[in-house]
Amino acid sequence: MSNIYYSTLPPIKDYFRPKFVKSATSLLTRYGKEASVIAGGTDLLVSMRSRKKRPAYLIDITGIKNLKYIKNSNKDNLKIGALTTIREIEMSELIRKKYTALYEAAHSMGTIQINNVATVGGNICRGSPSADMACPLCAFKSKVKLVDTKKSRVVPLESFSNGSDKTILAGDEILTEIQIPNLLPNTGSAFLRATRTAVDLAKVNVAVVISIENGICTYISIVLGSVAPTLMRAYAAEEVLRGKKITKNLIEKSAKAASDAAHPRIGSLRASPEYKKLLANVLTREAVSLAIQRAQGKGVKE
Amino acid sequence: MVNELKVVGKNVARIGAVEKVRGEAKFVGDMSLPGMLHAKILRSPYAHARIVNIDASKAEKLPGVRAVLTYKNVPRILFMEESAEESYVLDDKVRFLGDEVLAIAADTIETAERGLELINVHYEELPAVFTPEEALKPGAPLIPPPEVSKDNMLVGPARTRSRDWGNIEEGFKEAEHVIEKTFTAHCVQHMPLEPKAFLTNWERSKLTVWATTQRLFSARHCVAKVLQMPETAVRIISPYLGGGFGSKSESTRYILITALLSKISGKPVKLQFTKEEDMLARTRPANVISLKVGYKKDGAFTAIHCKHTVHGGYSWCHSTTGTVNIRALYKCKNCRFEGYTIYTNHPSIGQMRGVLDTFAAWGMTSLVDQIAESLNFKNPMDYAKKFHVRAGDECGTVIDADGVTCSSCGLDECIDRATKAIGWAEKWRGWKTPVKIQGNKRIGMGMAAFTHDTGMPWMVTGAILKVNMDGTANFITPVTELGNATITTQAQVVSEASGIPLKDIYVTFADTEVAPVDPDGQVDSSTAHVRSISSKMAGEDAKRQLLERASPQLSAPPEAIDIVDGLIFIKSDPSKSITVKHLMEQTEFGVVPVVGRGVSACPHFPQKAFSYGAHFAIVEVDTETGVIKILKYVAAHDVGRALNPLVCEAQIQGGVTMGISVTLNEELLFDAKGKTLNLNYTDYKLFTTVDAINVIPIIVESNDPISAYGAKGFGEAPLVGVPGCLSNAIYNAIGIRFSELPITPERVLKALKGKK
Amino acid sequence: MSEKEINLKVNGKQYSLQISSHKTLLEILRDNLGLYGVKNGCSIGECGACTILIDNKPVLSCLTMALSAEGKEITTIEGLSNSDKLHPLQEAFIKYGAVECGFCTPGIILTAKALLDENQNPTEEEIRLYLKGNLCRCTGYSKIVEAVVSALKSLRKGG
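Residue numbers (numbering that gives the first Met the number 0), protein chains in the order written: chain A, 0 to 301; chain B, 0 to 755; chain C, 0 to 158.
Next up, chain A with everything else stripped away, as it sits in the complex (with noise of 0.2 Å):
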């Protein structure tokens, strides 16, 4: 086959723009895997230009009202809406401040363009081994909705990626809301990505949440992304820390636990698999550190 670079989009058969939630799964029922939704845009349009994806219904969400909102009800937990996008979860001085991790990862993904349309859904639905903003998430221990005509469910966010940019979200399910359990007192938690340059997909991104009581770890979470198929819970790193007295020994070794359970592919072109691991070891290291002093009540971001 010939090459085409293509300077358009590939015609469509229809745009729609629901106004509700209950239009839009409707919509996907009906064309099935002929349609796709489209938020932000900015994953779906790179696609389609390149014809990787063809879509011929486009079902524009971002008309949805209701979507876009970040909660924290007395309930127990944080619930930030799939429409909210990267630049508002930036700039939300709640998530600043106690959900660290997720905000620095809004802040050092993307740029303030792409940002100020990228929606939180779109980032998790891409299901990349990257996603930046799936990766802190994942470390809360998150839950998403989904949506479809007759029901919702909740699954944990950890399981909603089952291969490189595969979910198990079905055809005619939305993902709606993201759900983030409370935090134990004195948690901290911190984000880090590694890129060629300041606007990069990562080379390796690590996020940490950390509760810390009376020097003893009593809850460890570690997420490393693009070491693996899917994001990838650290176990055996974060084995090395629970419950134990922290110690700048252990962080070492929690690192380099998560280094070996890393198994990059090869044939990335911003990193050799070798090159992934050691900074999957740096980057946690340094994200473990940064956690515990956030949780130990130092370096807050204000």
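Worth double-checking, as some hints may not be accurate.
[Unchecked claim] Pairs of lysine-lysine residues, derived as DSSO-like cross-links and limited to a Cα-Cα distance of at most 30 Å, are as follows:
(1) B:332 x B:377
(2) C:84 x A:64
(3) A:276 x B:755
(4) A:51 x B:674
(5) B:71 x A:255
(6) B:440 x A:247
(7) B:71 x B:291
(8) B:180 x B:266
(9) B:180 x B:385
(10) A:51 x B:60
(11) C:3 x A:52
(12) A:276 x A:297
(13) A:255 x B:749
(14) A:252 x B:754
(15) B:60 x A:12
(16) A:18 x A:252
(17) A:18 x C:3
(18) C:71 x A:12
(19) B:306 x B:180
(20) B:57 x B:71
(21) A:243 x A:144
(22) A:252 x B:330
(23) A:78 x A:150
(24) C:3 x A:21
(25) C:12 x B:631
(26) B:60 x B:266
(27) B:296 x B:754
(28) C:152 x B:502
(29) B:440 x B:426
(30) B:674 x A:52
(31) B:295 x B:266
[Stated by the list, open to error] To be clear about the criterion: a stretch of chain A counts as covered by chain B if any three or more of its residues have a C-beta under 8 Å from a C-beta of chain B, and this derived list gives those stretches:
(32) 93-104
(33) 190-196
(34) 272-284
[To be verified] Covered stretches of chain C, as calculated for chain A (at least 3 residues, CB under 8 Å):
(35) 0-11
(36) 37-45
(37) 55-64
(38) 86-96
Honestly, the hints are just simulated from the structure, not real lab data. Keep in mind it's a predicted model, so treat the numbers as computed, not measured. Heads up, the beta-carbon is just placed ideally off N, CA and C, and yes, glycines get one too.
Mind docking chains B and C on chain A? Use the hints.
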């Protein structure tokens, strides 16, 4: 003399800046004509293949498709851009993955793309070669057309470009020390923001082209040749261009494709490259430079042998060693320069800012640093200060006449001022001693003193200044405006020379219909030097005519009169004056129009000008991750005379930033089948505002005696100095001298590991 | 191929257009409305040359479906200045030599405008961070940053 200049040397606002900030400046992609068709190109999926058959029948039947161009209906006439190889517009062979196979013109872009999808091409895949060794093996598949070359090596007038001076064997015998090193650089791309675009229109057998090209006249010549028309029937215009850096030097093929589509369809046609296509169009070749130098124990060179091999896709433009200016940097009686261009099945290669001098400079400045260290020079720049070529020294390179001497050299001042600006004395702690060590981070500093061309000896150009009935003037110049303010600085020159205020001068630029012939175009940092001479001449010619015309009015001989800022006055009694406007408004029998004419050739004998520079940098190397950060960068350049200091600063800062990005970060990657893997901004990264630092520019003026107002060109030099400067600074930080570009974090770590 | 009618408000003016549904806002602004100040540098949202303001926020018009822009306030570079008077950013870019080839200029000026509307006192670091989505290959960015800093002072004075 220096203080008397009124326009040259001033920070006048760029011509076109107002239009650009308003979004009103028209680039080729912004232009359209009634009835215009849109062109798209079908590209090869193979790195090397013969086209056995093209079935375009379905596409031709698609409503809205108006023309299809293949090798079958394209004139089979070879053309050669400048000193490149000859090639065909379209051939029955493809030579790299992405090579042009066919072009289509249709009513809409969508229809053109749909048409391409309906084309069926039967390829016969041929074995491909991807390294110079493979390409030169006996029996290797031949890449150029057999009628052009019998092997995969450059055949045109630039073949090898080898030259000897003195006796190289004797030179090495004389030497008390000999060192030899090989430097390798990978393929990169210019990445101007504006992708190429072309708009062609035929009207009564006359072709007009609006093109993103830096070389209008060369393109016109080739287009006329291939279309078998006189040059008068081809008009090429280049409006504002969105950056070039050399990538818009070889646009003839695309002009021809668009023109032929236009001819077949009978309509104007626009060809707009996507960014991917623009990246494929021309790349800077991968190259290997071997340097062997012999020197005495005081450091003086006795022999320099430079062997430069460049490889990449057919066809390459320009010589290899033609732009290797080592002999204008250091004195050496015995030299041998050899240059080879070898073809592989990669995208076509072309010239990029600094051309091969970037690598020659890198190699030499690295070796000089090494020599200075081994001979216990206190500071690296002490070597350059002692041995560099000075004004009056013999200095020619491969393309220069024998015995040519250097016209001016401000390198000492560059070095001295940059030494101070970087804070050398306070920070330098000696060879192999980093400036500072903080945990895993090591901070080092280094420098490079280097040179580059400012015009090729065969360049010729011209300019015209015609004064209007109201005293304003039209300045007609072949210069293109790539963003380097060339039309502004040339207007400043002509304004200074004529006495007509800049605000009264309108510049018509880059139009082959009206501008004097300038075969080489906007390349090789030539404008400030070569074109200023003809611009000045045109201004002075117009002035002379105005003075003669004013003489009877003021009752004074022309020698006694002057023009400044639009006012013609008697020098000894300025109250006696007449404005240019008033003078021109007067109509009398027999008073002929004022047309100032200037023509110039690049000064090349007995003296030649070179663009000198000295860069100093402080870098931080993270030995754990290999990441390199630039902490401070000072770039001092001898520009002869700054026609517009603000423009000079911007060029220096832009060139250095591009250089840093290219040195640390940029590389085109190919897979085993020759596919370019990073053909977009997502995967080929440029420095952003966050990555770039504030480069400190220093302007040095050596007042070159063979230039107009002393000005030399220097658009490329800021990039040329970067790899050497950074390599030397990195050496100070971590004790490793890199000889492979780019210096990525992974290469740094690999080298550090190897060191242990 | 689906076609739809759309009402767009661009630079304060209302337009009623019949367009193909797959068109991006970039294509409509340039090809239908003749606003060529909006540049197409890459079509994949990486270079920032196509930046426009939608409801005063910088977005990439190459990654915006035209149909999604209905009912929003769109500002292109052409809408930044009234008649002959230039916006302080435009003046500063000229004065500080921040305009070279001019291709990135419209996008970067609009992004800078959004920054200065949002943050009346950005540091140089914040300016660079905000502009990181706008690539420039000519200037090395220093003069662009200087121009933004100068425009900031000018806007504070009420220029």
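Taking the earlier hints as the rules, which of them does this structure contradict?
Checked against the structure, the hints that fail are numbers 2, 5, 7, 8, 16, 21, 22, 25, 31, 32 and 38, while the rest are satisfied.
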